[in-house]
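Colleague: This is what each chain is made of:
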Amino acid sequence: MSRLLSQEEVDALLAAFGPAAADLPPAELIPFDLRAPLLLAGERLSLVHAACERIAAEVADALTVILVADEPIRGEFSGLVQQPAGTVLATLAHGEPVGLLVDEAGEPVGGVSFRSELALAMVDRLQGGEGSLAAPRPLSAVENRLLEGAFHRLTRHLDERCALAPVRSGGLDHDPIFGRLAQRGGMLAIAAIRLEWGASETLCHLLMTPPLTQRLVAEGQPPPDRHAPPELIEALRKVPVAVETVITGASLRVTDLNRMRPGHVLQLDVPEHGGLGLRLNGALLAQGVLRRQENVRLFEIRQLAPANAGE
Amino acid sequence: MTQRDLHDIESPETLHAGASSPAGGPLLDQLELPLEVRLGRQVWSLERVLALRTGDAVPVGLEGDDLVTLYVQDRPYAIGDLVVVDGRFAFRVRELAHGGAP
Numbered sequence: 084m085s086r087l088l089s090q091e092e093v094d095a096l097l098a099a100f101g102p103a104a105a106d107l108p109p110a111e112l113i114p115f116d117l118r119a120p121l122l123l124a125g126e127r128l129s130l131v132h133a134a135c136e137r138i139a140a141e142v143a144d145a146l147t148v149i150l151v152a153d154e155p156i157r158g159e160f161s162g163l164v165q166q167p168a169g170t171v172l173a174t175l176a177h178g179e180p181v182g183l184l185v186d187e188a189g190e191p192v193g194g195v196s197f198r199s200e201l202a203l204a205m206v207d208r209l210q211g212g213e214g215s216l217a218a219p220r221p222l223s224a225v226e227n228r229l230l231e232g233a234f235h236r237l238t239r240h241l242d243e244r245c246a247l248a249p250v251r252s253g254g255l256d257h258d259p260i261f262g263r264l265a266q267r268g269g270m271l272a273i274a275a276i277r278l279e280w281g282a283s284e285t286l287c288h289l290l291m292t293p294p295l296t297q298r299l300v301a302e303g304q305p306p307p308d309r310h311a312p313p314e315l316i317e318a319l320r321k322v323p324v325a326v327e328t329v330i331t332g333a334s335l336r337v338t339d340l341n342r343m344r345p346g347h348v349l350q351l352d353v354p355e356h357g358g359l360g361l362r363l364n365g366a367l368l369a370q371g372v373l374r375r376q377e378n379v380r381l382f383e384i385r386q387l388a389p390a391n392a393g394e
Numbered sequence: 027m028t029q030r031d032l033h034d035i036e037s038p039e040t041l042h043a044g045a046s047s048p049a050g051g052p053l054l055d056q057l058e059l060p061l062e063v064r065l066g067r068q069v070w071s072l073e074r075v076l077a078l079r080t081g082d083a084v085p086v087g088l089e090g091d092d093l094v095t096l097y098v099q100d101r102p103y104a105i106g107d108l109v110v111v112d113g114r115f116a117f118r119v120r121e122l123a124h125g126g127a128p
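Protein sequence lines correspond, in order, to chains A and B. When you number the first sequence by the numbering used here, it's gap-free, plus one each residue, and the end is 394. When you number the second sequence by the numbering used here, it's gap-free, plus one each residue, and the end is 128.
Hints listed in this document are in silico derivations from the structure and should not be mistaken for laboratory results. Note that beta-carbon positions come from the ideal geometry of N, C-alpha and C, so glycine has one too. The reader is advised that the hints may include incorrect statements.
[What the hints assert, rightly or not] A short, non-exhaustive set of chain B residues, derived as facing chain A with CB atoms under 8 Å: (1) Thr80; (2) Ala83; (3) Val109.
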C-alpha cells in the first residue's frame, strides 16, 4: 500500500465492521508458563559464559578441600547447552546423583551432577581412603549420605564465593528424572566443568534454572552510570510518568480485523519467552518477560533499552 | 513488522467467509494496521524509573486484573486475555471495544 489512511478514515473503517461472522473453532490454548525461561543468547550468554569460568574454578577449589587433594584440582568450564529439564535429567548417566541447589524459600533453582567416579572418590576420601577415581558403580545408602555431606560443603562454598548466591543445599536427587528439579520443569542451562587432578580427569555439571542464570547476568552487567548531575536528578525525581507494559511488532489486515469477534484468538508473532516492552511516554524503556507472583503479574526486566531506543 | 493473521487458528470456511468490509473494497481489506497489546499502565515517579535495573520485577497493571487491551493504530479495539498458542503470545477476544466506533 502506498497511501496511509488518516486516523479518521481508519476510525470509520473500524466502526463499519459488520456483525459476527462464523464462530471459530477453539484453538489449542496453553496456559502461560510463568516458570518458562528465556533462552540465553547474545550478550547475556557471554556474561553467563564468563561467570561459569569463574564458577568452574570455585567448584575445583571446593573439591580440592573436600578431597584433601595433594595438588589443587583444576576446574575448566568446557561448554554450556540449554535444554528442557526433563531432557537433561533423563540423559544423566545411570547412578549419577544430582545435588539440588535451592533458594531461600526452598525452591529448587539448580543442581550439580557428579559423575559416579567423582562421587565415589569423594565418599572414599571421607571414609579415609585415597580419594582416587574409581570405576563407576551405584552408590550405597551410606555412601549417598556421605556424598550429601560433601555436597553441603560444596554448596556453602558456592554460596559464599560466587554469583550463584544465595543458594542452599537441597540434598541429593538419587533419581533425578523423577526429582524436584524435573518436576519444576522449564529449561536448564547446563555448564560442563572439566576437573583435572594429577593424571585423572572427570566431569561435573552445573544445572541452572533461569533465576540462577539471571543472577550471573546481573553480576556481569557494567556498573550503572552515576554521573548525571545530582541537582538535575533531584529536580526530576518526583515527576510522575506513565509506564505501560506492551507487546508490539504485530500487524493485521483490515479484512481480518473485520472478522474479529469475541472468542476469536489472534496469534501475535511474538515468542512467549520474550517480546514484552516497558514503555515510557512512547519510548521503549526495557525489554523483558512476563511472570506471575501470586495474584500479581510482573514484568521482569531482562534488558534495559539503550539511551537512544525509541528515537 | 511481521504480519500474522488468523489463518493458523481459523477454519477454512471462516477464512473464506470474510467479505469485503462495508466501508471499503478489496484494496482496503488488504491494508495492514499495526497492533499492540497493552497489559497494564501505571504512574510512577521518575525516581522509580531511574532506579530500574536488569533483573527487577515490577507489577503490571492492577492486582487480580488479567485483562489486556488490543490497540489498533493506537486506538483501543478489543479487551481480552493473553494466552499462548504454539509457543507464541496470542490475544483471545472477550469484547470488542468499538461496539460500532472505537
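Colleague: Now, for every hint given, state plainly whether the structure supports it.
Modeller: Each hint, compared with the structure:
1. Here the hint on Thr80/B is kept, as its CB sits about 5 Å from the closest CB of chain A, short of 8 Å.
2. With a cut of 8 Å, the hint placing Ala83/B at the interface with chain A holds, because the nearest CB-to-CB distance is about 4 Å.
3. Proximity of Val109/B to chain A holds as hinted, the smallest CB-CB distance being about 5 Å (cut-off 8 Å).
The structure fails none of the hints (numbered hints given earlier).
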